[in-house]
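Here is what each chain is made of, one letter per residue.
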Amino acid sequence: MKMMTALLLGTALTVLPSSLFAQEKGGIVNVATIGEPPTLDPMSSTADLVGIVTQHIFETLYTFDKNWKVTPLLAESLPEISADGKIYTIKLRSGIKFHDNTDMTSEDVVASLHRWEKIASRGKQVAGFITAIEAVDPATVKITLTQPYAPLASLLAFNNSAAIIIPSEKQDDVMKDFIGTGPYMLKERKADQYIQLTRFDGYTSRDGESDGYGGARHQYLDEIRFVPVPDPNTRVEAAVSGQYDYVDSIPVESFDKIKAAAATQPMMLKPFGYPVFVFNTAEGVSKNVAVRKAIRQALSMEDMMAAAFGSPDFFSLDGAIYPEAYSWHTEAGTDGAYNVADPEGAAAALKAAGYNGEPLRILTSRQYEFHYKMAQVAAEYLKLAGFTVDMQVVDWATLTQRRADPKLWDIYITHSPFLPEPALIGSLSTSSPGWWDTPARKAAVDAFTAEVDPDKRVALFADVQKAIYDDVAFMKIGNFNAVAAKSTKLEGVDPAPWPYFWNASIAK
Amino acid sequence: MIRYIFQRLFGMFVVMFLVVTIVFVIVRVTPGDPAAVMLGPDATSQDIADLRTQLGLDRSLGVQYLYYMGQLLRGDLGQSIFLNMPVTSALLDRAEPTFFLTLFSLLIASAIALPIGIYAAYRRGSIFDQAATALAMLAASIPSFWLGLIMMQVFAVRFDLFPVSGYGGPGSTFSERMYHLALPAFALGIVSSALVLRFTRASMLDVLGDDYIRTARAKGLIERRVILKHALKNALIPILTVIGLTAAVLVSGAVVTETVFGLPGIGNLVVSAVLRRDYPVIQGALLVIAALYVLINFAIDMLYLLVDPRVRY
Numbered sequence: 000m001k002m003m004t005a006l007l008l009g010t011a012l013t014v015l016p017s018s019l020f021a022q023e024k025g026g027i028v029n030v031a032t033i034g035e036p037p038t039l040d041p042m043s044s045t046a047d048l049v050g051i052v053t054q055h056i057f058e059t060l061y062t063f064d065k066n067w068k069v070t071p072l073l074a075e076s077l078p079e080i081s082a083d084g085k086i087y088t089i090k091l092r093s094g095i096k097f098h099d100n101t102d103m104t105s106e107d108v109v110a111s112l113h114r115w116e117k118i119a120s121r122g123k124q125v126a127g128f129i130t131a132i133e134a135v136d137p138a139t140v141k142i143t144l145t146q147p148y149a150p151l152a153s154l155l156a157f158n159n160s161a162a163i164i165i166p167s168e169k170q171d172d173v174m175k176d177f178i179g180t181g182p183y184m185l186k187e188r189k190a191d192q193y194i195q196l197t198r199f200d201g202y203t204s205r206d207g208e209s210d211g212y213g214g215a216r217h218q219y220l221d222e223i224r225f226v227p228v229p230d231p232n233t234r235v236e237a238a239v240s241g242q243y244d245y246v247d248s249i250p251v252e253s254f255d256k257i258k259a260a261a262a263t264q265p266m267m268l269k270p271f272g273y274p275v276f277v278f279n280t281a282e283g284v285s286k287n288v289a290v291r292k293a294i295r296q297a298l299s300m301e302d303m304m305a306a307a308f309g310s311p312d313f314f315s316l317d318g319a320i321y322p323e324a325y326s327w328h329t330e331a332g333t334d335g336a337y338n339v340a341d342p343e344g345a346a347a348a349l350k351a352a353g354y355n356g357e358p359l360r361i362l363t364s365r366q367y368e369f370h371y372k373m374a375q376v377a378a379e380y381l382k383l384a385g386f387t388v389d390m391q392v393v394d395w396a397t398l399t400q401r402r403a404d405p406k407l408w409d410i411y412i413t414h415s416p417f418l419p420e421p422a423l424i425g426s427l428s429t430s431s432p433g434w435w436d437t438p439a440r441k442a443a444v445d446a447f448t449a450e451v452d453p454d455k456r457v458a459l460f461a462d463v464q465k466a467i468y469d470d471v472a473f474m475k476i477g478n479f480n481a482v483a484a485k486s487t488k489l490e491g492v493d494p495a496p497w498p499y500f501w502n503a504s505i506a507k
Numbered sequence: 000m001i002r003y004i005f006q007r008l009f010g011m012f013v014v015m016f017l018v019v020t021i022v023f024v025i026v027r028v029t030p031g032d033p034a035a036v037m038l039g040p041d042a043t044s045q046d047i048a049d050l051r052t053q054l055g056l057d058r059s060l061g062v063q064y065l066y067y068m069g070q071l072l073r074g075d076l077g078q079s080i081f082l083n084m085p086v087t088s089a090l091l092d093r094a095e096p097t098f099f100l101t102l103f104s105l106l107i108a109s110a111i112a113l114p115i116g117i118y119a120a121y122r123r124g125s126i127f128d129q130a131a132t133a134l135a136m137l138a139a140s141i142p143s144f145w146l147g148l149i150m151m152q153v154f155a156v157r158f159d160l161f162p163v164s165g166y167g168g169p170g171s172t173f174s175e176r177m178y179h180l181a182l183p184a185f186a187l188g189i190v191s192s193a194l195v196l197r198f199t200r201a202s203m204l205d206v207l208g209d210d211y212i213r214t215a216r217a218k219g220l221i222e223r224r225v226i227l228k229h230a231l232k233n234a235l236i237p238i239l240t241v242i243g244l245t246a247a248v249l250v251s252g253a254v255v256t257e258t259v260f261g262l263p264g265i266g267n268l269v270v271s272a273v274l275r276r277d278y279p280v281i282q283g284a285l286l287v288i289a290a291l292y293v294l295i296n297f298a299i300d301m302l303y304l305l306v307d308p309r310v311r312y
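First to last, the sequence lines map onto chains A and B. Its first residue numbered 0, the first sequence is counted upward by one per residue in numbering that gives the first Met the number 0. Its first residue numbered 0, the second sequence is counted upward by one per residue in numbering that gives the first Met the number 0.
Keep in mind that the hints were calculated from the coordinates and are not lab data. For clarity, every value in this text was computed on a predicted model and none was experimentally measured. Zero decoy hints are in this set.
Okay, derived cross-link-like pairs now, EDC-like style, lysine to aspartate or glutamate, Cα gap no bigger than 16 Å in a straight line:
#, chain 1, residue 1, chain 2, residue 2
1, A, K123, B, D49
2, A, K90, A, E75
3, A, K372, A, E301
4, A, K117, B, D49
5, A, K96, A, E106
6, A, K189, B, E95
7, A, K65, A, E323
8, A, K189, B, D92
Stretches of chain B that chain A covers, calculated by requiring three or more beta carbons in the stretch to come under 8 Å of a beta carbon on chain A:
#, stretch
9, 26-34
10, 38-47
11, 147-156
12, 159-171
13, 253-260
14, 274-280
For glycine and all other residues, C-beta sits at the position ideal for the given N, C-alpha and C.
Only chain A is shown next, with the shape it has when bound in the complex (with noise of 0.2 Å):
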């Protein structure tokens, strides 16, 4: 009997995985960012920072699967779509708990649905298609639609302008008390020093495996500490030294020095995002798509990513707006339109269409050094095609202000992760800088935004990517992998564009 008993165990350690006896509970884990988030409330601000900060103290409705699909958090369950497109069901799990030791009913989610269509970027995206945000019952929220709004799921899903469930009591404008209910709670901000999150021992994880943001989600660390190092530099030496566990965002110049440390080694997210330029299609040089053709037809976004990123080790070329591995990859109006650097037939297309030497204004800011080392390089291509090129350079608040006039700029250059929802992309909204506003964009991006079912949008995106490379309304040039550095004893987190940490836990 004791000799089956040990077979037995000894199989079920074989068959169990590794990290059930890898993972203990208990340790802090010291994580470098990038800076100090402007704010601790996700639903006032769409920057990353804050994201990755408050997404450990608030929770949404829903979040995204490793697949970037969607998958419920605080809701029970995915939502009861009505057949008509416009009425969502929404089933909240019972026993969350608030930091404040409250439980979280369908009245706390309708106010905060609420504070998040008045106050939050995305929320207002959507508060033109909500007619009634209503508690059925204690755990059933009722939203009616306008009209059928497919991006719904995601903008109540995304982590930041996110729809984060508070207290119905606590929905100031400006938040006061930091009342999630996440696995970690704020204990201490000092701002530019640390802030300090703590376990919430009142936590409830959903069952079952984690999954991306999704599924289970333990709580292994008695602390997070998120403290700011924003020179890059210092996070670097920060890494190799072991200072930190995890360092967010370092240089990819840096990648072979932190592989060759001993105590840390560098995380790649392949690929995590893409830079791009925007044209202001409203005014100015820019406004004529032929010279936007021009534009894009002289430019080489090899030479661009190879002097933004060095070796392809960090980069790749791709023309689509997502890359292979998201179900929303397509080719659709790529060919012949990306990568072309051509000056020459660039300079003929210009030609003809009736440019005079007028500057071309490119907005760049050196706060991402990888926007500055591209824009030098179109420069040149541009020189080489003929256009008078106007580089102004500034730091970001300046250019973030700038971009809002159309009269200030032709080109502005940015970077996004890869979005898992295309409506969540800025430049497809009419009031975005850029400004476009054609037929074929709202007959494209209505058509998606109005489709729920899935399959059938992944179709009406190829249409989507072909109208922005038709009017290009904005330019991608390629995608780039994001570096990290983690420490050898930090177990439990993998590579993601807004890192979390709680699946993480400290090897003993």
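Fit chain B to the given chain A structure using the hints.
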């Protein structure tokens, strides 16, 4: 004397008024928008406009100025847009690392510069003097943040003697926090020592040729007493001036070093505030820094009275 002090106080008031006004105007006319920074990259123009209204930034410059001056007269530096706390609290939070970083840097600078400067002047033209002058030139040419990075590489990364960055986590003790200041204090102290050394040497050279030094020697005083009691005391005025001004520069000018070492000091606060366009913090911090300059200058002038009986106001 009393009249002089009142004149100086009035002058300080005028300087502070000008500083407040100039900073207010420069900060407001500089491109950039705190609302856009706060709301993030995907915010719409309407969101930004709404937040500007909420923050009172849509009002005319004149109205904003009068409102700000009213606040100042009530002793209120305003509310930080990003930190969600009064500017005074934000500055007080950051006073400790900046104060001790300045203090330690000055002590290190003085400990290096004073003995070397005095001895170099005493041995004018010797190899020691030439080496000291050359080293001072070298130290003056090195940016403190670069020296900091090198020291970080050697002492924090290679030998693991000091932390790379930060100012201690939650619950850190005073000594732990001071330990985080060691590398930046040495980086700033070494660079600052160059100026103090050159002033010390030059000032000592001035007095060493004076008649009273010859008299002191003729009286048979031992050389150490001649140098440290008679010469140094008379050479102190320019040295004190330069140490005082170095202190003021360190309070305001340790900006890059604080950023490199991730120290949550006043310099770091100013850099973050400028990048975020946190107008109240920029204005408040620059006002405090200007006040420090003015007060340190005033204090130095008062110290002259103590070290030189010939000085009369």
